[in-house]
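Chemist: Please construct the entire structure, taking both the sequences and the accompanying hints into account.
For the sequence shown, the positions run -24 to -1, 1 to 301 when mature numbering (1 follows the signal peptide of the UniProt record, and there is no 0) is used.
Quick caveat, the hints were computed from the structure, so don't treat them as lab data. Careful, some of the hints might be misleading.
[Stated by the list, open to error] As a list, the in silico DSSO-like pairs of lysine-lysine whose alpha-carbon atoms are at most 27 Å apart:
no., residue 1, residue 2
1, K215, K159
2, K272, K299
3, K295, K226
4, K295, K272
5, K122, K43
6, K293, K226
7, K175, K253
8, K107, K129
9, K159, K149
10, K248, K272
11, K240, K293
12, K149, K43
13, K28, K149
14, K295, K255
15, K28, K129
16, K253, K240
17, K175, K215
18, K175, K248
19, K43, K90
20, K129, K162
21, K74, K107
22, K295, K222
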Amino acid sequence: MKKFMSSNWSMRLLALLCALVLFAYVNSLKSTHNASVLTNSSSKTTLTSNRKVTISAPLELNVNSTKYFVTGYPENIKVTIEGPAALVTTTANTQNFKVSANLSKLAVGRHSVKVEVDGLNKELSYGLNQKYIHVNIQPRRTATYKVSADFNKANVADGYEVGSARLGTSSVKVTGAVSEVSKVAKVVAVVNTNKNLEKSVNQQAIIEALDANGQNLNVVLTPSTTSVYIPITQATTTKDVPIDLKASGKTTADTSYSFSSDTKSVTVTGTKAALAKLKSLPVNVDVTDVDATTTKTVDVSTSDEDGISSVSPTSLKVKITVKND
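Modeler: Printed below as a string of structure tokens:
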């Protein structure tokens, strides 16, 4: 061992080994430092990166809405916000800010009003697609109007007719500027129908307020929709047809009957097709237990005739003459 330690080559070898260990240690420290720098740099970049996003926010008006009615303004304003990405994302998701216009000190008439944004974090910058709005402030009025159904009657198929429409609400409240409400000529529930209607219509309809020219008015309707039922049935007409008196009930083989009545014909109501086929109306005369000439009141029925809805008169007097063979 002493020989080895005293040897020049052994000392040189030991020195080289120590140098290699020291070099490896320094390099490892440098690599760790560089990795830490890169990680911190990446984290810093992530934390400080910016984002820009555009949000469509509802516009709020500061105005005495019980006294005034405002028109002309947009319902939404586009707000472009920019800043730290995390903060922009949170703001876009929560929309915890307000876009408004203050009309409280303005008189009746037309005005240009500045749009304001409140509640945004100070680290965010913003821009508006519309910095000013144009409004028309008018005295407010509410009136009540009757509602009628409005639909294209030309869509009803040939041979069919329209009954009286039934609506879920008979009247609505119309609210708006005095100048607009005073123009209301009628309020209608608009019913959209297909062509060649043969069946009744039952649907929910939008209510509209129209002026004398049939144009929609800028007003608020309460309610704004209603149910509408429109009966569609086959068209009916009337026709006078002769009666055909026939014996019914229990009869005897050796007895015959003849009938006469002051009523020679009746007025029948039904579809055109049914009346075209109807040449006479059968009337059954019950002769059960009739063994001598007598007069009876007989009901006139149309229940056996398809397409026939009614008859007038509904009864008649019949003289029954009995003949024994």
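Chemist: Check whether the Cα positions of K295 and K255 lie no farther apart than 27 Å.
Modeler: holds (23 Å)
Chemist: Are the Cα atoms of K215 and K159 separated by 27 Å or less?
Modeler: violated (47 Å)
Chemist: Holds or violated: K74 and K107, Cα atoms, limit 27 Å.
Modeler: Holds, at roughly 14 Å.
Chemist: Is K272 close enough to K299, meaning Cα to Cα at most 27 Å?
Modeler: Holds, because 17 Å separates the two Cα atoms, which is no more than 27 Å.
Chemist: Quickly compare the C-alpha distance for K175 and K253 to 27 Å and report which way the hint goes.
Modeler: Measuring from Cα to Cα gives roughly 24 Å; hence the hint holds.
Chemist: K175 and K215: Cα distance at most 27 Å?
Modeler: The given pair, whose Cα atoms are some 25 Å apart, holds under the 27 Å limit.
Chemist: Need the status of pair K248, K272: alpha-carbon distance at most 27 Å?
Modeler: It is violated: about 32 Å lies between the C-alpha atoms, which goes past 27 Å.
Chemist: Verify the proposed pairing of K293 with K226, using a straight-line Cα cut of 27 Å.
Modeler: Satisfied, since the Cα-Cα distance of roughly 20 Å is no more than 27 Å.
Chemist: Are K149 and K43 close enough, with their CA atoms no more than 27 Å apart?
Modeler: holds (16 Å)
Chemist: Verify the proposed pairing of K43 with K90, using a straight-line Cα cut of 27 Å.
Modeler: holds (22 Å)
Chemist: Is it true that the CA of K28 sits at most 27 Å from the CA of K129?
Modeler: Violated: K28 and K129 sit about 54 Å apart, past 27 Å.
Chemist: Within a Cα-Cα threshold of 27 Å, do K253 and K240 meet the stated pairing?
Modeler: holds (19 Å)
Going through the hint list in order, the structure does not satisfy hints 1, 8, 10, 13, 15.
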